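Enquirer: Each chain, written out:
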Amino acid sequence: MSLNRYESQVRGPLVEGSKDYHQITEDICRPVEATPSKLWWVGFIISIGLLIFGVVSVTMEVMYGTGQWNLNKTIGWGWDITNFVWWVGIGHAGTLISAILLLFRQGWRTGVNRAAEAMTIFAVMCAGQFPIWHMGRVWNAFFVMPYPNTRGPLWVNFNSPLLWDVFAISTYFTVSLLFWYCGLLPDLATLRDRAKLKWRKLFYGVASFGWTGSTKHWQRHEALSLVLAGLSTPLVLSVHTIVSFDFATSVIPGWHTTIFPPYFVAGAVFSGFAMVQTLLLITRKVLGLEEYITMEHIDVMNKVIVLTGSIVGIAYLTELFIAWYSHVEYEWFAFRENRVNLSSPYGWSYYLMMGCNVLSPQIFWFKKMRRNLLVTFFMSILVNIGMWFERFVIIVTSIYRDYLPSSWSTYYTPTIWEIGFYMGTFGLFFTCYFLFSKFFPVIAIAEIKHILKRSGDNFKENMEKDENESLEAFEHANAHH
Amino acid sequence: MAIKKFITGNFYDEAVLFPAVKKVRRAGYKVQDVYTPFPIHGLDKELGMKDTDLHIAGFIYGITGTTTAISFIGWALARDWQINFGGKPFFSLPAWIPIMFELTVLFSAVGMVLTFCWLCQLAPFVKKDHFNPRSTDDTFVMAIECTDKTNEEEAVAFLKNAGAQDVQVQSRETGWWFGRYDRETVRFGRKVPAV
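So the sequence lines, in the order shown, correspond to chains G and B.
First residue of the first sequence: 1, per the numbering used here; consecutive thereafter.
First residue of the second sequence: 1001, per the numbering used here; consecutive thereafter.
Simulated from the structure, these hints should not be mistaken for lab results.
Computed from a predicted structure; not experimentally measured.
Please note that the accuracy of each hint is not assured.
Residues of chain G placed beyond 12 Å of chain B at every Cβ, according to the derived structure [to be verified]:
(1) F104
(2) Y172
(3) S176
(4) I252
(5) G313
Okay, derived cross-link-like pairs now, BS3-like style, lysine-lysine, Cα gap no bigger than 25 Å in a straight line [stated by the list, open to error]:
(6) G:K285 <-> G:K198
(7) B:K1022 <-> G:K453
(8) G:K216 <-> B:K1088
(9) B:K1004 <-> G:K216
(10) G:K201 <-> B:K1127
(11) G:K367 <-> G:K216
(12) B:K1088 <-> B:K1004
(13) B:K1127 <-> G:K198
(14) B:K1030 <-> G:K216
(15) B:K1160 <-> B:K1004
Some chain G residues near chain B, calculated using beta-carbon distances under 7 Å [unchecked claim]:
(16) S18
(17) F158
(18) A168
(19) F366
Think of the CB as a built atom: it goes at the ideal place given N, C-alpha and C, for glycine as much as any other residue.
Please work from the sequences and hints to get the whole structure.
Expert: Have a look at this one:
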């Protein structure tokens, strides 16, 4: 009998091949239980190297002050805040996938949510470094917390977007971590029950919190996940909104723009998905998980990339149009002379941003391109470069020519310690990711099992059984009395 | 601790499990729990469980967060130490909305997770028994609690008849959460000799 009608003509199966529950456990636990490959070690050691470079750079900055960076009176925010916004943006895809797609009942999220959430947490960790170390006297960093102090007590300024940022980023980090770890509990229990080595039994025994898979626990777990998703959805939108307020509430031409919140959020999702692509393309290849992170997943994520890339493109053009239409001469000058004018000192960065973020993703209108791994990988890198330059354009081109033309001569280039700090966060990010992919299941095992019988070959087999059943037998088995 | 007896059976298919739960409950057996590797929708209803009220707890934590934020910021900026920021009112509510929102989410999320862990008695270093380690892999394990009236052999036969495989009678110490469990049982694959 033809079972074509059970196959979506638009979407492929979420899990390829005919698998049973045990096979899923085996497939996803294999990389965790095997000794790491040579490739893993190479990547891990490079990451550690970068991390050490970062630690040295930060040490230099702490010892000699922020003067180690090429910031000056005019360009007070340079690479550091650019990197901060870039990392926070990357940290948005994980929660978008795990929370918003859960609310929208998108089945494909199950294959990618675990790795994407991990990526979120590591990216937010990296992002947090920049404002903290930029404080200079970093040992006073706790001053941002409202605690009863001996200076009055003098409270922090709750009206300041910079303080909103402190609350937004720390809340985002905490909630993402909790959400991620709650999802991990059942999978860690799976690893615990499979463990043969002593340290594994101990490690996963402790980490799984004594999870048993009791029906009542699952019921609460589902309720918890749903409410956490409901909370994270406005949270993820609020975080980048608040980051954009750092700029939008100021009176600097180029920053003083009401379009910033939606524009930043779209950009964040855009860059986040690009980073998810970069990581998952490597992960699925190295860990042999092509049957779980399928072409279908890559295809839909590329669709998100072309959508958000186009939203970002419209935002760029709107911003430019409004700068002209508003008749604010300072605003229009910032756009016309500092950005659009190719012969201005930073004009090149504006066109790099436009090319990478707006033009290049348009190739994803073609299915062939969306399903081409090489193109996808290349594009994901390109988008991330483009999104870095977006932040650079916003921050540096808005401030390098201030109201005082005598300070215009400054052309800002980073010092080795600024570059080192940025590289160091790559080290931190990838060190964390390598450890994660070694010790934790990179795909949510329980969630994949949950969707298994509703997708792919298993679904068809199930349906075949029902098809061949007589009406009475079907009614007897399925009707609820 | 008292020792209790349980009859456990494995199921490999949801289609077998659901009618079996119905039969076992209808026959008057006390189902201790069904341990599954992933959430099975409808099983909680089938087992006669009430809906969880966790989301109500989440709401209460959330409004606690909102109240904390607004009352603290209001007190700090408008009463305790007034600072004139560009001539704006001391009690400037719109500027506080971001932090009020963030604290609402933070309190709600942290509170709910802690409540979840408390209700399910989950914490690091807690060991619990779920009768069959494969229940986190690919089987659905039903455990029936034996009472004074239960005829073990009859119950074993009943469970087998309902479609369960590898039906066993297992003894467990009651209240084995917090790391207490029957010493005879295999825990994390290691056999502990009986004292």
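Enquirer: Against this structure, judge whether each hint is valid.
Expert: Structure-based check of each hint:
At the 12 Å boundary, the C-beta of F104 (chain G) stays outside the reach of chain B, the nearest C-beta of that chain being 18 Å off. Residue placement check: Y172 (chain G) does not keep its beta carbon more than 12 Å from all beta carbons of chain B (closest about 8 Å). The claim that S176 (chain G) lies off the interface is violated: its Cβ sits roughly 9 Å from the closest Cβ of chain B, which falls inside the 12 Å cut-off. For I252 (chain G), the condition that its CB be more than 12 Å from all CB atoms of chain B holds, with the nearest at approximately 16 Å.
With 12 Å as the threshold on Cβ separation, the claim that G313 (chain G) sits away from chain B holds: the shortest Cβ distance comes to roughly 28 Å. Between K285 (chain G) and K198 (chain G) the alpha-carbon distance is near 30 Å, which puts this suggested pair outside the 25 Å criterion. The hinted pair formed by K1022 (chain B) and K453 (chain G) meets the criterion: a straight-line CA distance of about 22 Å does not exceed 25 Å. Distance check on the hinted pair: K216 (chain G) and K1088 (chain B) sit about 52 Å apart at the alpha-carbon level, beyond 25 Å; violated.
Under the criterion of a C-alpha separation no larger than 25 Å, the hint pairing K1004 (chain B) with K216 (chain G) is consistent with the structure, at around 20 Å. Between K201 (chain G) and K1127 (chain B) the alpha-carbon distance is near 11 Å, which keeps this suggested pair within the 25 Å criterion. Under the criterion of a C-alpha separation no larger than 25 Å, the hint pairing K367 (chain G) with K216 (chain G) is inconsistent with the structure, at around 44 Å. Taking the CA atoms of K1088 (chain B) and K1004 (chain B), the gap is about 69 Å. The hint is violated against a cut of 25 Å.
A hinted pair counts as satisfied when its Cα atoms are at most 25 Å apart, and K1127 (chain B) with K198 (chain G) qualifies at roughly 15 Å. The suggested pairing of K1030 (chain B) with K216 (chain G) holds, with an alpha-carbon distance near 15 Å, which does not exceed 25 Å. Distance check on the hinted pair: K1160 (chain B) and K1004 (chain B) sit about 21 Å apart at the alpha-carbon level, within 25 Å; holds. Evaluation of the S18 (chain G) hint against chain B yields a violated restraint, the C-beta minimum of about 15 Å exceeding 7 Å.
Checking F158 (chain G) against chain B by beta carbon gives a least distance of about 5 Å; that is within 7 Å, so the hint holds. Residue-level restraint check for A168 (chain G) holds (minimum Cβ-Cβ distance to chain B is 5 Å; threshold 7 Å). Annotation: F366 (chain G) was flagged as interfacial toward chain B, and the flag is violated, the nearest CB pair being 37 Å apart, outside 7 Å.
Checked against the numbered hints given earlier, this structure breaks hints 2, 3, 6, 8, 11, 12, 16 and 19; the rest are met.
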